[in-house]
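Chains A and B, in that order, give the protein sequences. Each number in the numbering used here corresponds to the 1-based position in the first sequence with 586 added. Each number in the numbering used here corresponds to the 1-based position in the second sequence with 102 added.
Just so you know, these hints were derived from the structure itself, not from any lab. Given the structure is predicted, the values throughout are model-derived calculations rather than measurements. Take the hints with a grain of salt, since some may be wrong.
[Stated by the list, open to error] If you anchor each label on the Cβ, the simulated ranges turn out as follows: (1) B:L243 - A:A855: 52 to 60 angstroms; (2) B:P285 - A:R772: 26 to 34 angstroms; (3) B:L216 - A:R851: 46 to 54 angstroms; (4) B:P285 - A:P601: 14 to 22 angstroms; (5) A:G605 - B:E196: 30 to 38 angstroms; (6) B:D228 - A:V609: 45 to 53 angstroms; (7) B:D228 - A:P601: 41 to 49 angstroms.
[As the list claims (entries may be wrong)] Partial pick of chain B residues on the chain A-facing surface, computed with a CB cut under 8 angstroms: (8) R129; (9) P308; (10) P387.
C-beta atoms are modelled at their ideal positions from N, C-alpha and C, and glycine is treated no differently.
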Amino acid sequence: MTAKINLRAVSKAFPARGGRESVLALDGLELDIGAGEFTVVVGPSGCGKSTLLDLLGGLDRPTSGEILLDGAPVTGPGLDRGIVFQQYALLPWRTAAGNVEFGLEATGTPRRERAALAREHLELVGLGGFEDRHPHELSGGMRQRVAIARSLAYDPGVLLMDEPFAALDAQTRESLQDELLRIWERTGKTIVFITHGIDEAVYLGGRVAVLTSRPGRIKDVVPVELGEARAAHADLRSSPEFALHRRQVWQLLHEEVDRAQELEREAVAR
Amino acid sequence: MTIVLEKPAPARSGPGAPPPHDDTPARGARALRALGRLSRLTLTRSVVVLALFALWELAPRWELADRTFLPPFTEVAAAWWELALDGRLWENTEASLVRSGLGFGLAVLCAVPLGLLIGWYRPLADLLNPLLELFRNTAALALLPVFILLLGIGETSKVAIVLFACTWPILLNTVSAVRTVDPTLIRLARSMDLSAPRLLQKVVLPAALPTVFTGIRLAGGTAILVLVAAEMVGAKAGLGFLINSSQYNFAIPQMYAGIITISALGLLLNQLLLWAERRLTSWRPQPRG
Ligand SMILES: Nc1ncnc2c1ncn2[C@@H]1O[C@H](COP(=O)(O)OP(=O)(O)O)[C@@H](O)[C@H]1O
Ligand SMILES: [Mg+2]
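The shape of chain B in the complex, shown without the other chains (with noise of 0.2 angstroms):
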């Protein structure tokens, strides 16, 4: 599974055209254009994927690949369909979303207002810059054996290094967003005395939401990465959980079944977040192509 990062588009500068006048011809033209644009380019991202489940259906047809280890594609998806029929597809699913969303969205309350403050008030981010550094760089799976010695094997420890390794990226871009927001805009919100809680809600807060929402879309794809490892270690229900049994069992249809449900579940997670993002900065001047 691969996260696209998009680094926020530098707001554009310079003059902006004066309103254009819409006659409705024309833009009923420019709609037509924009909905073919659309589907061409759905059928192009298409086609790449598309190609790539032919491949795994005829590469073991064609016993280019071993059809033990790698069963063609559609024996995967009947697989998958009976997962979903007999209901252990959405009960494992269910076990591994409500861990990482929990874990997630723990991390999302926690680290935005604390990134907020760290950020805002200087000499704290300076203190805690190299203890933040340090949790940056240790890998949250290598702690998960400290994990489990410390919370158990059951639903905590899990939830607990999901919202361990989430909380890192989303703090680290608040607090690099909220010390990049714009000084002028700080000057302006100062010349109207306005209070400290009034100019982080009012300025700090809108300016730095960009950059957090990448950090919280870095974080999505963090939380299903380190749960469906950690479901790996010691589970009794959950994605991770499915694969390793799956293959433990030689059931290896079912193994893939679960590796597809997770990326479309990442897949899934990180469209609604960029979804979310568009909405909350659509103020943004928007992205061509």
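Looking at chain A on its own, in the form it has when it is part of the complex (with noise of 0.2 angstroms):
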């Protein structure tokens, strides 16, 4: 597999402003990611998974180390990377196929493709009859789904994933869960998909690198291999297979989550 993403001993430190100290938020990151895969990012709060999409995105830079793009260093924000947020980020006043379209104008796709490819894309995450409706006609998991079609209209190469479905209830979770790993697999994108919640990171990975608490270095990479047992299983969440994996995410995180909370109680009491 070609690496479609290196972070080289990438740290990021935010500096001191109006009375704080300087946080550091991240330090030296080093990951490879293949072209096509599903690497899911998983860490405490405040561990700087978010600032690590940031800098993926291109929204930021890092203090030191460096970020290669399909071998090039990433200097910038750019069509080939494609952001969902955790907040939706919808325009409020466009409909859903309006919001599909922003990104394809920013591509200038003429108009008239803009509309075939919009009604392609809501389609494909299921949102078929949808288009003319505004973001505040939608449920919470249609306006998520939309902004997926939206990220995957313009077709980036890359699809980065700031906790998409933390909002969610988990029903509505779960389904989306399984909408974009079919995506994904009907795609071929490559995902870096950003979660706090163990059980989203093994249902979801092809390989679920776990951050330390802040600042936040790469614990272990666990690499899970799911494919026979989503297979073989109806409910894949209650296999032995997926409770193995289960357990090693959740060894690797818990002792990082009590430290998180240990830095946020003394945050708070300072």
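Please dock the two separately framed chains into a single complex, following the hints provided.
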């Protein structure tokens, strides 16, 4: 597998500002992500996951180290990467189709094609017939589907997702996880998926990178091979293979979560 | 004249219902009910106004008020009709409309782009904020003598003072609208590598529009208020002039006719701006009731 993304000793510090001391958010991240791979990054809250995603998206620059995309350093945002935000980030004055077209306008796709592509991608995420709805007329799950369709429509090679299902109820979340895996298999995108949920990480992950509490470092990368189990079990989540991987990730993570909570308590006490 | 200030309703969050399926009889019944509600609403709203007119009519007749200073409503209406027939009403209304329209229009054209820029470039906003606060808190009418001194007593000073007074509500609302645009939308646009002008046009302006419009409607009320006052100081035409000169010549019914015209004008302008606002922000969930 050729590498799509390389993280080389990536660190990010936020400078001290307004009486707060400087924060080292990420510390020397090393990770290679293959083309077409589904990588999940899991870590306790505040460990720098969103910071990592901003760096990958080119919305922010690393303090030291570098990020390579197809071998070339990332210097800024670009349409070769699509971001799906936790808060959906839909333009409330546009319809579902209008929101999907927003990304296509940035690529300079002709108007006629835009409409067709928007329809096609809303169809892909199971929202056929909802083209003319405004975001406030859609449920949370539907809104996130629109956001996913938007990121897929302009066809970036890499999909960056920052806890996209965290705000959804459990049932909606599970159905969207299945949907995402289906879309991934169909489109062959390289996906970096950020979450703080262990079950979600194991269920989705081709590989699960576990981050330490702040400053975020890569603690371990767990390969999750559930290929056969996925086919064999109707309810994968209660299969022994799933439990095994879950336990593995949990063990890596739970000390970090404890430490993160300690850090938080200290921060509040101060 | 009162201006009803409506804050833009917060976007409704939470799961929305899937699209309801309308079958025709239900829709017909619903339309009928809506019509009933509307006519009832119109009725309750006009009752108060009609009661006011009735009181106005009866108080002088029953000698609860001095007839010389408060003539009955029908006499005022007759005077209004007379003014309308001999062309003076339109002449003065036109003069006022041109001045306030010019000042107000120029204010919208200047203050909205300026507000977008100031709100967008944070250092500029920090730099200019004390100045904006100072001007906002200076009553425009207090500056009227200065305007007359600098620009003379003619049209320029009147248009200028309307422009000046209208600028601040629009500017301040636009600046704060830009600064409160949902930051994830900005991040989204940045992640797609949108240029700054595109970002302003496609994200910031539409997101800011509801709040900008609140400022514009506020300015609409201000335009009329300030103009009428300015016309009372030195003018040869205009509704403010009509009111003032009628009072001076003891033509009391004409004076009230002028006042009523201004109220109606203010109401009309507000309705017009409300309508424009609804059209431009029709994507927002409709407030119930
Ligand atoms: N712009 C910023 N300035 C200062 N500190 C920041 C900034 N963004 C994030 N941080 C800090 O960096 C750490 C990591 O934040 P974040 O990446 O949002 O964590 P996560 O997404 O894993 O919850 C946190 O301690 C946060 O307070
Ligand atoms: Mg986060």
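Hints versus structure:
1. Checked against the hint of 52 to 60 angstroms, the C-beta distance between L243 of chain B and A855 of chain A comes to roughly 55 angstroms, which is consistent with it.
2. Between P285 of chain B and R772 of chain A the CB atoms are about 33 angstroms apart, so this pair conforms to the stated range of 26 to 34 angstroms.
3. Range check, L216 of chain B to R851 of chain A: Cβ separation about 47 angstroms, and the 46 to 54 angstroms hint holds.
4. In this structure, P285 of chain B and P601 of chain A meet the distance hint of 14 to 22 angstroms, their C-beta atoms being roughly 19 angstroms apart.
5. About 60 angstroms separates the C-beta atoms of G605 of chain A and E196 of chain B, a value inconsistent with the hinted range of 30 to 38 angstroms.
6. The hint said 45 to 53 angstroms for the Cβ distance between D228 of chain B and V609 of chain A, and at roughly 24 angstroms that hint is violated.
7. Checked against the hint of 41 to 49 angstroms, the C-beta distance between D228 of chain B and P601 of chain A comes to roughly 19 angstroms, which is inconsistent with it.
8. The beta carbon of R129 of chain B comes no nearer than 18 angstroms to any beta carbon in chain A, farther than 8 angstroms, and the hint placing it at the interface is violated.
9. Contact between P308 of chain B and chain A, as hinted, is supported at the beta carbon level, the nearest pair being about 5 angstroms apart and thus within 8 angstroms.
10. Among the interface hints, the one on P387 of chain B holds; its C-beta lies about 5 angstroms from the nearest C-beta in chain A, closer than the 8 angstroms criterion.
The structure does not agree with the numbered hints 5, 6, 7, 8 stated previously, though it agrees with the rest.
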